[in-house]
Amino acid sequence: MDYSNLRRQAASLKKGLFDQGHLDEQFRQVEDLQDEASPNFVEEVVVVFFKDSGRLISNLEQALEKYPRDFNRWDAYMQQLKGSCSSIGASRMKNECMSFRDNCGQRSVEGCMGSLQKLKREHAILRQKLESYFQVTLEAPPCQSWCHDRWIISINLLTDVCMFTMQLLRQVGPAGAATRPAM
Amino acid sequence: MASSLKALLVEDIKVDSMVLSFMLRRFHCEVTLAKNGKEAVDMFLEGNKFDIVLCDKDMPIMTGPEAVIKIRAMGATDVKIVGVSADDNAMEAFMSAGADDFVPKPMRLEVLGPMIEEVINRKNN
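So the protein lines, in turn, are chains E and F.
Numbers 0 to 182, taken from numbering that gives the first Met the number 0, label the letters of the first sequence in order.
Numbers 0 to 124, taken from numbering that gives the first Met the number 0, label the letters of the second sequence in order.
Just so you know, the hints here were simulated from the structure itself, not pulled from any lab data.
Computed from a predicted structure; not experimentally measured.
Among these hints, one or two may not hold up.
With the Cβ distance kept under 10 Å, some of the chain E side facing chain F (calculated, not the full set) [to be verified]:
1. Q25
2. E64
3. S83
All C-beta atoms in this analysis are idealised placements derived from N, C-alpha and C, irrespective of residue type, glycine included.
For reference, chain E alone in the conformation it holds in the complex:
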């Protein structure tokens, strides 16, 4: 399997997430927390984030219907979601959370509804992009692929050295014997 291509693809996907503003520096903080003891920490956090955020969005939609114009309540839900977005670096989602809260402050129902739709769109986009990214990283886990490549290189090198040595011995052997000085 061509791990180097897959690693390049993963790097490109991740770069895209940052360049397009879906993720910010906080995501790198989360990545820094991943280590050998917790090799899937980032993915686990992301899974929990989408579970939590899905629930919070659903609760908010119910609140919008059940408690019309209760901006304080709506704001409280969105504040929780904003906190989670901040914690993992979900930058565009966080911005929509802030936009929603601004609309709560201005007591604009239409503004809140608009912000919520944008938030749901960003939520879906981020989820899809991160799923693609993790799918690729699963196929080419960085440490294993490096070890695999190094192992293959070592075997190839050893084989080359052995073959070269054997060829050399075949060439040198008879000629060496002919030129050996008499004892």
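We have chain E; now place chain F onto it with these hints.
Below, chain F without anything else, positioned relative to chain E:
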């Protein structure tokens, strides 16, 4: 940085709890979790001792600032209490409740590190 600090993390949102607890463990803290202010207060009532508390603001049953007031009222004046919240108005609520510090979310390792170091130095002295 070696540390045997006992940290209490008071946070109801699981994502935030995961990230913050891993950050604390990065600095070798022994982490105890509480899901709301009441659980945090109960920990102290049960006689548990902590060196540092990281506390969210808005939680069910009991908020962070409410918990801080009760914890300080119990005589737990040595423990460093840090409010952590995405709420822009949280700082005043925490500081007037008796917290030592406030950090807006998201917490960063480069912010948490010096806090941990300060608590270690204070403990050693």
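Now the hints, each set against the structure:
Evaluation of the E:Q25 hint against chain F yields a held restraint, the C-beta minimum of about 5 Å falling below 10 Å. Interface hint at E:E64: violated, since its Cβ lies 22 Å from the closest Cβ of chain F, which is beyond the 10 Å cut-off. Among the interface hints, the one on E:S83 holds; its C-beta lies about 5 Å from the nearest C-beta in chain F, closer than the 10 Å criterion.
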